[in-house]
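All chains should be built: construct the whole structure from the sequences, respecting the hints.
Protein chains: 2
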Amino acid sequence: MKINQFAQVPTNISNIKEELKSINFYSDETEINQLFIDLMRKEKFSFSDTNVFWYEMDKIIADEKNTLKSFLINNHKLNLNVFYVIALQLLDFQIDVDFEIDKPIESMHKLGLKTINQLNNSQDLLKAWYLLLNTHNKYGLNLIDELASNGYYEKQELTNQLIFFNGKAQATFTTKDFYYETVFVETDLDSDMDGKNDLIKVEITRPKSNLKIPAIYTASPYDQGVNEKLGENLTHDVKKSLIEKPIGKEIINEQENIINNTKNKIPSSISENATLTHSIKPKYSLNDYLLVRGYASVYAAGIGTIDSDGFQTCGDEQQTASTIAVIEWLHGDRIAFTDRINHIQTKANWCNGNVAMTGRSYLGTLAIAAATTGVDGLKTIVPEAAISSWYDYYRENGLVIAPETFPGEDADVLAGETFSRSLVPGDNLKIRSKFDKYLNQMKKQQDRETGNYNQFWDKRNYLNNVNKIKADLLIVHGLNDWNVKPKNPGNLWQMIKNMNINKKIILHQGKHININTFPSFDYSDIINLWFSNKLYDKENNVDNILPTVIWQDNTLSNTWHKLNDWNKNNYETYSLNTTYDSFKNKISNELFDKYSVNYKNWQHDFYDLNNQNLTHNRIISTIELKEDKIINGDIKVNLRIKSSKNIGMLSIALLDNGDANRLKEFPTPIAPNGYKLGYKWYNDTLREFEINSKITSNKLITKAHINLQNRTAPNISEEIIPNEYYDVKVKLNPTIYKIPANRSLSLIIYSVDYEMTINNNDDIKYTIDLNNSTIKIPFE
Amino acid sequence: MKINQFAQVPTNISNIKEELKSINFYSDETEINQLFIDLMRKEKFSFSDTNVFWYEMDKIIADEKNTLKSFLINNHKLNLNVFYVIALQLLDFQIDVDFEIDKPIESMHKLGLKTINQLNNSQDLLKAWYLLLNTHNKYGLNLIDELASNGYYEKQELTNQLIFFNGKAQATFTTKDFYYETVFVETDLDSDMDGKNDLIKVEITRPKSNLKIPAIYTASPYDQGVNEKLGENLTHDVKKSLIEKPIGKEIINEQENIINNTKNKIPSSISENATLTHSIKPKYSLNDYLLVRGYASVYAAGIGTIDSDGFQTCGDEQQTASTIAVIEWLHGDRIAFTDRINHIQTKANWCNGNVAMTGRSYLGTLAIAAATTGVDGLKTIVPEAAISSWYDYYRENGLVIAPETFPGEDADVLAGETFSRSLVPGDNLKIRSKFDKYLNQMKKQQDRETGNYNQFWDKRNYLNNVNKIKADLLIVHGLNDWNVKPKNPGNLWQMIKNMNINKKIILHQGKHININTFPSFDYSDIINLWFSNKLYDKENNVDNILPTVIWQDNTLSNTWHKLNDWNKNNYETYSLNTTYDSFKNKISNELFDKYSVNYKNWQHDFYDLNNQNLTHNRIISTIELKEDKIINGDIKVNLRIKSSKNIGMLSIALLDNGDANRLKEFPTPIAPNGYKLGYKWYNDTLREFEINSKITSNKLITKAHINLQNRTAPNISEEIIPNEYYDVKVKLNPTIYKIPANRSLSLIIYSVDYEMTINNNDDIKYTIDLNNSTIKIPFE
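Protein sequence lines, in the order shown, are assigned to chains A and B.
For the first sequence, position 27 matches number 27 in our numbering, and the numbering has no gaps at all.
For the second sequence, position 101 matches number 101 in our numbering, and the numbering has no gaps at all.
Treat each hint with caution, since some may be false.
Note: identical chains are not told apart, hence a pair may lie in one copy or across any two.
No farther apart than 30 Å at their CA atoms in a straight line, the calculated lysine-lysine pairs in the DSS-like style are these [as the list claims (entries may be wrong)]:
#1 Lys699 / Lys504
#2 Lys208 / Lys680
#3 Lys155 / Lys239
#4 Lys664 / Lys511
The set of hints was computed from the structure by calculation and includes no laboratory data.
Here you go:
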């Protein structure tokens, strides 16, 4: 195994001493062995009896012949090697499996762990010990967090106090003292058009603290439940022919005013505390991890969900306004009530006014939505696998494009599925017919007929308002996420690059997943370091310590690199190198039935580059690379192409080609309940990306799709004259991808993508002018 | 979905009233609507404000037109239909998905839920309400348990008190008050031969209670960690030829005395409480479920594990003695110390002296081991997927047989893997070479050469001592468990059938799994009902209420039946119906390499009954059944067979043959964290066996293996004269299996089973005298 820690803060000796004192992990003993014993007694805080302590020392070895007890009792002097033999044991590494006892320092380095250089005096030992407390063990925790999860801070009587150690808020907050509260924030909008401003239910979990604390706010439309049945019923049929679109440009108007200035609820009194509670269960484990470290966890599902008013609008400005209403309340700028009925106001007196938003997928998307309003109090967002423009989620270049594994999904389907008010029979009775009408309207406006960028999608394009962002951004995305495709963070990153905010991006090798429980990567520490600075104003130098880009290597397990940017301009141009210059869309009816009944049947053939079924249905162009290369950014494919009909759609995929043991598609669970979130608190499963022991012959790097009528822009439909050549420029989704020298790149150009595009068997032939077509690849 | 509740206790109206009073869920209101409102206010205990309560009533519907609020406010009178429309909503079922609003009673019954017949007065309503509180909701909990998991008992100020409701201990115990303690029990044995009696570490988690409480004790050799590397290194090569064994009978002596009468530790003082703690994390969720219901959870890993003395002996009488030492301490019959060093005694003053053992696999095995000593205080055991004789785990009829998915494992491998003392470097330094010698001795004694039943295995055969059992038995086993094969519970069941103890058995369709989080089956209730009676002496009639056998149907999802016994004597005899009368062992070298490198390659061909690779390597005999049949018990295959050599081994498998949508092999996770174990406590994943949407053409029902030299007994090696016929009787593993009329049974007779037997390509031909061979099948 290999550990990559990015969130360790270099600290000078005087601060080291201060910090050790602040957590009672200090002794002013100057004799090195005695100081070491003092520190070990702290480490073994569960064993206060001296005899038992020495029994524990006898369980550890100092070298090949001595236990730590015999080593110390016989007055051997502590040295650097012995220190790291012991350190490795305290970090739960196993001899002969994880480290070699005769090479402890080399073993530390092999594991990716930092060491000090010398151990001559008590000051060196304090340095070494401080570093050790901030070093990850086998199970993804810094030693100090491991001790905290076993009750260290309780034993030290330091609970429910804000303490920073190495720049990060400590797990001192006691779970049994947590408050579980529900309040209702009043918005200025009326999305269900009942004449009343929508109320939004907010569920708060927060530690007891004498200081005001910040809030980690998750806007999750799924949080109150989903109506799967309604979603299923709304799902669209993807088996249909490509149609010729009328020529023209979509009309996109200014945004409408959604603010309803009539306030309905006048507070009659104020309650010091919230009076309603909420059910208690584990949530996204990163939030639970942060809770014990002094960050409140605030969830709201927003308009259209259980105990809130309004409709699910799937990404429009009303949803954004309902999302930020919660921040406004937390920041003291908006009213909330103790319940939906009585007019009793309640304030977030416990909150220091600083808010962060986190969350994956739709949740992170609403974080981006909120940030692009510039709302006060929102100091930072950590959007994980998030959408930056809904057009880039359900559409692409004039085509309807499905998120991975969800053919037939669209904005209306997601709106229906997350309209959890429909799960409340009494509410459903009153609101449903009105919502069904709204869904019908949405169905028209989203316009699956043309797939064009229009008013509906422009309302749902957060990139329109990027210039309003005041919050710092820490973006997290999987380079293999074909649900929320990499162009979402890619476009956002390009636009914020030169803005005067702090921004970082983490690009991992996962699909649409969470990455907070990998032993190889100190993600939770990074978030804690970031939030300690952004929300608690702790000066920890995080903006300089964290690299701009952290990129997980796609060829090695447990390997995360620092890069200085995503999207390089260092392009090389390649010509198309292929035996055919044309391909057709049509396949046999049997094959069409097989592919369209289950897109996995198509994928099976598609990823077999020699598959006879598809010989005439695609062009494969190969690029041989002479040395190891890292692609970094948008690949541009410029084609001169003609269609035999007045319609045409292209799919383009780039593959890494060659037999290899690649990373597995999904992280492997390596220890259920192995990741401890805190003392007397929840645990999560440790996971890690492993190298597949099975050899695979290729892997998708990136892809894109385009309707040839939209060759100029997604909002412009142009004519296609049959058999006339057009120049078409397609940007593939941006990536960072290492190709070893012995492998090649295969560019595949085809038409129907049975997983993502509409499925049709139209009889169209496409021909490419190879001499006027190129691929441009940006290299690191 | 369909729910099967076995643990509901029929209760008369006067007890109903008493019980409702005891949990503050009572009103003496006689007007039916007002009584209903009183009860609903209890149900909605989180909403004490009257206005908010009525808002909640508006979320429920009473019929197609009215919310419950409008229904009650307009003084419509509550009736049976309306009651069950509301009940279904309170149980979290979804309209149109789980039930039909115009057929609530029929919907309840379709879901497998009980209803009352009439609702004319307040007494009827109390009956209906009581039944509803004891009815399972969509997420596997009785309504009262759902309310408890949301804080009902805290709100009622009934925490940390023992309360029974419908015969089952209630979730009243507060998790924040739990004690986490470690003590060290002194045994009378010296398994590591260091001259000192072995101390055993015991980790206790227990609720705060003013009454003494019982202990649920889990003896888990895995609990302190496993040394996977050591296990790997010890794993045996299974690629080897069958050898001729010398003729003879194994000598089996009386058991030796293992008791070491020298006590080493003399208590110098007594401590009122334990002084050491232990780390806190979720364990087997059934135990965590029981903890909040007033049962302590006690874990011990036993000899050879971290912080205990001794060697891992894998199932011998020393391990059994170390296992029951913990029970003896809990029962007040043995000394324990607060730590391993000081001589301070500590007593289990909190324990009422009643102990149950639970656990799956090795854990359940040690429960059987303990029960067969007749130790005082052990009132009941619930062995899940447990071994009753280690010979039936690692051997069969004179052959070495691997547990499913673990070729090459044996007793020494498991002993090494669970010898967690080796993970403690200081301890390993001192003990390892001695343990390695012990392992070497074990390796010889387990005798992989002959595979015979000998002294080693006789020491590890708990069936020898079944007559000593005093504890009541609730056995749980998967009929598709080819790790711990069904003959383990089968043999035990046969032997206890006529003993004067209470015994029940649950046979499910899983492999080697836990079954406590299936919404279709009230397993946790059953255990709670059983333990309330056995450990708290609560008179709840459990021995009569629970059927003797609960059997999960193998053709339908969510279906569990009552049967009156396992293993019927209602045999029908069939002759062998096959085109060939002989088969050979040898296959091509290429095929042998393919099969032996990975047994899954062999399984792929084996389960394809027309596979050409195996045409001459097996006999397939088919039995057509004219009607639906249920096999119940041991299938007996009587063969007259000859081998072409002086050696011979047979494998016999019975398959259910015919295309069908069968249950999936593994339960499907349906809701992560969906199963609530208690208030402010852990959650587990809800799982359910689903019907596979993919059609499968056959499925293994049962199997067996035999060495022809052991045709008389596993401990007797006899001569095989080449080409001479012998009568061989083989009992296949017992099962209960339903075969629909349109399917057939296929009996497959072959030699090497690449998953379980040694892998060899010996050139042997087997011939069966078909006229003198039969299959006898016991039908229900």
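Now for the hints, and whether the structure bears them out:
In this assembly of identical chains, Lys699 and Lys504 lie within 30 Å of each other by CA distance solely inside one copy; the values are 27 Å within and 53 Å between copies. In the homo-oligomer, the alpha carbons of Lys208 and Lys680 lie at most 30 Å apart both inside one protomer (15 Å) and across protomers (16 Å), since each shortest distance falls under that limit. For the identical chains of this complex, Lys155 and Lys239 are neighbours neither inside a copy (64 Å) nor across copies (55 Å), given an alpha-carbon limit of 30 Å. Taking the closest pair of Cα atoms, Lys664 and Lys511 come within 30 Å of each other both inside a single copy (11 Å) and across two copies (27 Å).
The structure does not agree with numbered hint 3 stated previously, though it agrees with all others.
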